[in-house]
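Visitor: Taken in sequence, the protein lines are chains A, B, C and D.
Just so we're aligned, residue 1 is where the first sequence starts under this note's numbering, counting upward by one.
Just so we're aligned, residue 576 is where the second sequence starts under this note's numbering, counting upward by one.
Just so we're aligned, residue 888 is where the third sequence starts under this note's numbering, counting upward by one.
Just so we're aligned, residue 1149 is where the fourth sequence starts under this note's numbering, counting upward by one.
Just so you know, the hints here were simulated from the structure itself, not pulled from any lab data.
Where is the CB? At the ideal position from N, CA and C, for every residue including glycine.
Misleading hints may appear alongside valid ones.
As the list claims (entries may be wrong) - Partial pick of chain D residues on the chain B-facing surface, computed with a CB cut under 8 Å:
(1) M1149
(2) L1152
(3) T1159
(4) T1163
(5) A1186
(6) E1231
(7) V1259
(8) A1307
Stated by the list, open to error - Simulated restraints, written as ranges between beta carbons of each label pair:
(9) D429(A) - R867(B): 26 to 36 Å
(10) D1129(C) - A1169(D): 27 to 37 Å
(11) G77(A) - K1103(C): 35 to 45 Å
(12) A1064(C) - R1310(D): 30 to 40 Å
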Amino acid sequence: MHAPTATPDAARVGSDTIAALRLKLPHAVLDESWQTPTQATLTVKLDELPNVVSTLYHEHDGWLSVMAGNDERTINGNFALYYALSMEGAEKSFIVVRAEVPAATEEFPSVTPLVPAAVWHEREVRDMFGLTPVGLPDERRLVLPDDWPDGLHPLRKDSMDYRLRPEPTGDDETYQFKNDAKGETTVVPLGPLHITSDEPGHFRLFVDGEDIIDADYRMFYVHRGMEKVAETRMGYNEVTFLADRVCGICGYAHSVAYTTSIENALGIAVPARAQAIRSVLLETERLHSHLLNLGLACHFVGFDTGFMQFFRVREKTMTLAEMLTGSRKTYALNLIGGVRRDILGEQHVATLRLIGELREEVTRLVEMLLATPNLEGRVKGVGILDPGIAREYSPVGPTVRGSGHRRDTRVDHAFAGYGGVAMPVNVGDGCDVLSRTLVRVSEFFDSLSIIEQILADAPGGPVLTEDFTYKPHKFALGFTEAPRGEDIHWSMTGDNQKLFRWRCRASTYANWPVLRYMLRGNTVSDAPLIVASIDPCYSCTDRVTVVDVNKASSVTVPYKEMERYCRERTNSPLK
Amino acid sequence: MPSLSHFALAVVQAVLLLAAAPLLSGFMRVVRAKMHTRRGPGVLQDYRDLIKLMKRQDVHPPASGFVFRLMPVIMPATLLVVAMGTPVITRFAPIDALGDLITTIYLFALARFFFALSGIDSGSSFAGIGASRELTLGVLVEPVMMLSLFVAALLAGSTNLGTIGAAVASLSMHSAAATLMAAAAFGFAVYIELGKLPYDMAEAEQELQEGPLTEYSGPSLAMVKVSLSLKQLLVVAWFVAVFLPFGNATSMAPLDLAAGLVVFVLKVLAIFAVVGIVENSVARTRFRLTPRHSWLGVGIASLAFVFYLAGL
Amino acid sequence: MTRHITETDVRAAGPFAKIDTPADVVRMKSALLKDIRRSAYVYRVDCGGCNACEIEIFASITPVFDAERFGIKVVASPRHADILLFTGAVTRSMRMPALRAYEAAPDPKIVVSYGACGVSGGIFHDLYCVWGGTDKILPVDVYIPGCPPTPAATVYGFAVALGLLGQKLKAETHVQAEGERVAVAHPSIPYNLRVLVEREARRMAGYRQGGDIAEKFLVMLEQPGLVPLTDRMSTFAAAETDPRVAEILARLGDVVTEAIA
Amino acid sequence: MFKLLKEVLRTGEATVKYPFAPVEVAKDFRGKPEHQAANCIACAACTVACPANALGMETDAGAGTRTWSINYGRCVFCGRCEEVCPTDAIRLTPDFELAVAVKADLVRTAVFRLAPCVACGKPFAPEKEVAYVTALIEATAPSEADAERRRQLVATCPACKRAHDLGQIAGSRVVRAMETSR
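Same shape as in the complex, but just chain A (with noise of 0.2 Å):
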């Protein structure tokens, strides 16, 4: 899968879906390139983007991916798009719609009216690059912090130098939130700047005394400036660790995601030792994860016990992942072109060991966990994900698959040490609570055949290759599946051993737009529940406990009284 471009037209995945394209749409596609014989770039009239987007989308099985906006007036005098469908039709593949936007104009048609799957990613190109989605509903900020100057766009070029920090302008959140509720709801507002909030998210939810009617959310409490940064001050060598740092519970998945974009770009070939390795880690990734989501799910209903005797069956995962790359968490183990570190046959015999104990108390404890009382009464039923909703959003791993849609990158676009490990996608069909933590369960024991078939099979030979050249101006897509789903890197590089351009989808940036629909409908007192089974994670499920108190209907105290009171502090009733 990493041949150079030129590879004849029979050997290239997709090809079928853009003549199909071409025959639909005659004049849209400007250019066509290809990164890897599974991925495609399409340059398309800007007018014609919608159109394409929505053909690809919703006539040849695409799932949107990613967009990622790129200001390319050093290279070519326009800003461009470029949005990335996974196609998991009868060719499973990559293609990527790209259109340049005029530098003049600033404008482009929004793709969201009718690929709604788009709508976060338009907000984020607007906040980042200036770039106005004509046509978008959603005009509200998406990353920047409320008191960011408008008009600075921080990933334009010429904007601003990667540590200007502008001065704060005030205190307070201005951010509107949205609420489609009709008739009388009370509104619930609590978020960071409460006091007992720790929390960086804020949270509304529209509540009809213990109803949900609505639901809206600000995030991108904790946004650093990490692509900036990536295409500034570092190498691109060094992004592999920056990467790393994206998410503390699945930051190796990134890692893999940036170099394989960059591996795929520069038409790099990376032994097949070092992809069987990554793939044990990501594996390895993914059995700590799980079990922390197990863990988090007995939290959130009060069941500590439980919690607490997955974290110490987890401890072993962690022992795993130290002995494997001498750290718990951050693995730090990638290198453009392989990994740093190898599995000697005193590694290889302690993994096989720890799978084997893990293997015997996960099973007792996922037994003991479905025997607890009150538990099923808990999940069943709870936070039901449409396969409909899903299908407009694009959705991503457990909780995608929760609800009954076959999507796994593993499977669907094999990348590193995947290829030839015999794997089932594990599907749910009741879309609730209980699916999505079942899908995990399975997965969970997937992932400790999936570490034995690979240590079994793993080729010898080298585990880093140093034997390429660095060439500006090269971009492709990375991409992993991470416990959350699908992480999706798109990276250019640039012209001094820099990145010219990292976009990095995270899974949970994926998951959020449906979050809204899986919580309306429920009570108050399951929405932390319901944001755990999509697994965010952590800091962003537990500010969802803040929405959780807002349940209580009192019976003395009137409660929509209540509700001010608790809003504005002021005037209590009982004075």
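Assemble the complex: chain A is given as a structure, and chains B, C and D must be docked to it using the hints.
Guide: Relative to chain A, chains B, C and D alone:
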């Protein structure tokens, strides 16, 4: 008027119960740690926590009012009054007037009322919602308590806790079935009243950040914490006094009292060990489903009443 | 006694400046340390971390490391806190919530800065949406470095914060001694050959394991003896019980053979 | 509930003894990077590779020194420094007990002297680096004349290299320059 020795007993037992309350919560923490398969703190940890808290700064949120400040005093005071009236090591209430079940129910309700009120008065939304949950829970659990205790009172022919206990202990209740049903219903109500999982609604740590306790700090927090432990000890003592009075001292003879004390300690430890295992092996009930559970309690209590009427 | 920290303070503090701690606060803090030695309530404040720190804090309160055995308890409200634990590099959006949590805790309080980001901003120290560490907005008492700190490092850090264990790390400066020189390693092996061996070992097994294997191999090469080099190398590889290491040694042998030929 | 109780009884107590007994870490654990200043040639390879800028190198031309520093508070323990070090002067150790109360204690420094350029006499590169490279060259040079020419080259600062033709450096002017600088 109670005799001086009875009054002395009342005071001593109240003070002892108060002093032992942190030991009890320390014991619960040890049970919890064992269930978590971890080492955990020592059984004296809650004393260390309280001593520390007594030395810390007491912060009042700007939005809080006088109820917020008063509660850490009123709640333990109310509970101490209950402690003086409950037959703990004796079969009779040390102070007869306080040993009336209606008085006890209302004293508990008073403590609960102030606890909830302080949450609303603190100005924090977490505390406020914990408070409203606490009141809801009160509304749900009190009918069960009342009904089951009234059945016991009818059976014993008195509303005095000591008299009911004596009747149970001498196995002279008119209806064994009705007594057992009433005991079951009351036991269930007491369990909810303990504020333990799956019914720890008001102080739910993950959901409410400890509810009405959210805004308290320093000495006030210490007082509220010790009050909550005392309350747990008292409701269990209450149950023991009415439905498990076997082995209590029947006279004021020192040897009798000592034996009564030993029996009481053993009973309480056994009950709390079971409670500890239960609370650590279940998930929290959905708050919305709590009424259904409490209706079950009402049902059992009503059945006890029917049995009483039928004289079974 | 309560010092209200305002936005102006934050700005005045600027990079690398520290908010002064008045003498009475220092005195009160040492009294506090005595009081909380065996009962410390900890409140976590996430100022925009990647969650690795949060997860490791979780790991240190769960069965294997169980911080509660020292009386350390993670509490849900800052009002209960004796120790405030700040993680993350302090993002622009989180600076005010972090300050408010600090203000809500009773005085005096111990502030612990956790993880590379909390201590100094870590890998994110100079980014546009980052303030660059807890001590840019608050006075910090104890720093726990690590990315993330392991649960054992966390337990150690708390022991330092509570004054139960002393800190091991001390600022040190080495000044080059007269005549201080670095000898070339394995001088009897031609430099180019050594570099070839070391590079190949790194390609085969990475910098650490490969480095150690290359070292072993080079020591073997250097040993004087009458046995021919190729025989020595094959005996060495054959004596290795780990098949993967044997493969690597054989590969290094090939490199030497190719270089000599 | 009974499954849970069985699990609890089977496990007993899972808590480790640390800090009362040492805790076991993996063989190649990535803890505190230990710098052997005696082995360091101050070449700055590690400071360039460090993704977090925890390693720094500052040159004080006036004092003729170059100061290497590590900030354990910023270090992300990736081990890139160990990987790129040509003289094995830095290695990650299993030590993780790094907490401090004084932030200054997180920083370690090592001061190295700069060698003067043989041509202009200005300090330009660490003495130890020049000596190390010289030693390498002596070992690999095909002839003594070649070795001498390369030695001069190594001991010349980039500015002088730009200013002077290589042949001139090999010739008499360098000898004169060396005489004046002494």
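Visitor: Hints first: check each against the structure and report whether it holds.
Guide: Each hint tested on the structure:
1. Hint on M1149(D) holds. Least Cβ distance to chain B is approximately 5 Å, under the 8 Å limit.
2. With its C-beta approaching chain B no nearer than about 5 Å, L1152(D) sits inside the 8 Å limit, and its interface hint holds.
3. Taken as an interface hint, T1159(D) checks out: its beta carbon lies about 4 Å from the nearest beta carbon of chain B, inside 8 Å.
4. The interface hint given for T1163(D) holds, since its Cβ lies 4 Å from the closest Cβ of chain B, which is under the 8 Å cut-off.
5. Checking A1186(D) against chain B by beta carbon gives a least distance of about 44 Å; that is not within 8 Å, so the hint is violated.
6. Interface restraint check: E1231(D) against chain B, minimum CB-CB distance 38 Å, threshold 8 Å, status violated.
7. Given the 8 Å rule on beta carbons, the hint for V1259(D) is violated: about 47 Å separates it from the nearest Cβ of chain B.
8. At about 63 Å, the closest approach between the beta carbon of A1307(D) and any beta carbon in chain B exceeds 8 Å, and the interface hint on this residue is violated.
9. Hint check: D429(A) to R867(B), Cβ distance near 29 Å, so the stated range 26 to 36 Å holds.
10. Roughly 30 Å separates the CB atoms of D1129(C) and A1169(D), a value that falls within the hinted 27 to 37 Å.
11. In this structure the supplied range 35 to 45 Å is violated for G77(A) paired with K1103(C), their Cβ-Cβ distance being about 57 Å.
12. The given range of 30 to 40 Å is respected by A1064(C) and R1310(D), whose C-beta atoms sit roughly 33 Å from each other.
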